[in-house]
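Student: Since the structure of chain A is already known, use the hints to place chain B on it.
Heads up: the protein sequence lines correspond to chains A and B, in order. Residues in the first sequence are numbered from 1 upward in steps of one, following my numbering. Residues in the second sequence are numbered from 1001 upward in steps of one, following my numbering.
Heads up, simulated DSSO-like pairs for lysine-lysine below, C-alpha to C-alpha not over 27 Å straight-line:
no., chain 1, residue 1, chain 2, residue 2
1, A, Lys253, B, Lys1114
2, B, Lys1114, A, Lys153
3, A, Lys81, A, Lys16
4, B, Lys1253, B, Lys1153
5, B, Lys1114, A, Lys114
6, A, Lys153, B, Lys1169
7, A, Lys114, A, Lys169
8, A, Lys169, A, Lys196
9, B, Lys1060, B, Lys1253
10, B, Lys1153, B, Lys1196
11, B, Lys1153, A, Lys169
12, A, Lys114, B, Lys1153
13, B, Lys1153, A, Lys153
14, B, Lys1253, A, Lys114
Don't read these hints as lab results, they were simulated from the structure.
Number of protein chains: 2
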Amino acid sequence: MIGVFDSGAGGLTVVKEIRRLLPEVDLVYFGDTARFPYGNQSPSLLRRYAEEDAALLVAKGATVIVVACNSASAAAGAHLKATLVVPVFDVIGPAVAEARRRTTHGRIGVIGTKATVASGIYERLLAEPKGRYTVIARAASLLVPLVEERWWKHPESIRIIRRYLQPLKQAQVDTLVLACTHYPFLQPILQRVMGKRVAVVNPAEATAELLRQYLIEHPDAARSSEARGALHCYVSSDPQHFSQTARWWLGEKVEASEAQTNELAG
Amino acid sequence: MIGVFDSGAGGLTVVKEIRRLLPEVDLVYFGDTARFPYGNQSPSLLRRYAEEDAALLVAKGATVIVVACNSASAAAGAHLKATLVVPVFDVIGPAVAEARRRTTHGRIGVIGTKATVASGIYERLLAEPKGRYTVIARAASLLVPLVEERWWKHPESIRIIRRYLQPLKQAQVDTLVLACTHYPFLQPILQRVMGKRVAVVNPAEATAELLRQYLIEHPDAARSSEARGALHCYVSSDPQHFSQTARWWLGEKVEASEAQTNELAG
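In isolation and in its complexed conformation, chain A is listed as follows (with noise of 0.2 Å):
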């Protein structure tokens, strides 16, 4: 069974894409919605958050994980894959590898989460090799807030993405990497804003690609046990409202299911 984790119903994006690719695989899904968002906390919080979260998705059975949170990618992606035994998949490897397959002139823009950007990863899998890429990446704080107040096309909206994006564009970047899992939703705003002619990656499509090539090499690691193409969602509070938002953003039923990550630690 495929786990797939992140701070609340983000990740769904990641879901749709993985469910797409590979509809007959069983999948585990851990939003953790009580300690939403993830976005502006500390490092070392966000490494404690994703131990937690892939401990729990193990515990129901998941043998494969996802980290479908940037921000926790970017914070705790390498530390599961050297500690944890399941395979682990990250979303932001996959984004930087169709960053490089898409850009033109090797100007690569990225925008996502206080924490994401900090982190500062984007710049170095993009450093090698040396001087072939430049990479201008940028917090947009509000975009997250915008998602959950559904604001997709409210003129302030409009404007708001149009502050973030103008040093991007002013740096001329010709590829822009949506790094935060609620950033799809906005994603005709950004590229009407950026322009027809700059490549917008959602890292939520390369990670399915990736994780659909890794189970061709690898046709034991997500055995469908019962009902093929099943997917069981748990979160960390209010079940029935995720219930409802992954019911329309995947456009079919889900029953999610309280999970505490703490009566796991405890």
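Tutor: Relative to chain A, chain B alone:
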């Protein structure tokens, strides 16, 4: 010692008013930064968090508890008052009393988080005398992120505020309650958008005044032990970031320490 808690640094607006009115009293503050913000959380989760936060303050020596957070006050104020041995103050009772005093035509507007507005507590507390008050409460979820982003005076902030306040202006409220610890930072814009004739109520002021009266009647409730007017700050994550914010907001040096509510629960 007076214990004050909030989901993060916002409750320092309450600390500021308490220190202004009661400069000789010792204070212990807890900001639950690891689980910030509280404003979108469910009542049952907020009750659990509030219980843990209050227990931490009592363990640190608090003999009076002030729930600075409106969301926690709405969900758990009555519960804490009923279950804790020490006296508990919340910010909603004083805000309602102040709104009653200041309203000219009984038309009271309230802006707050989703959790505070969904609780319906302002409508309930202003239901008597029957027909005297009309309450128009609206969630203004983006205001906390705007304050955290420090967009105090950005044109985007003004536009967002206009959109949130429009139904309150249309309903011709004569009083506006800022039912969230973050909102006093936007008070100049909020006042400007509402117009000069609308009374703006900052619950922090009313709460500090109620506390002052209580301490006159109960002088032993919060005697100073060591340095008079000391302020001890604890946060569940990133004390350094909190210390910077606190220094800037309060205009004095603050050294926050890390403290875990889990330690008490476990």
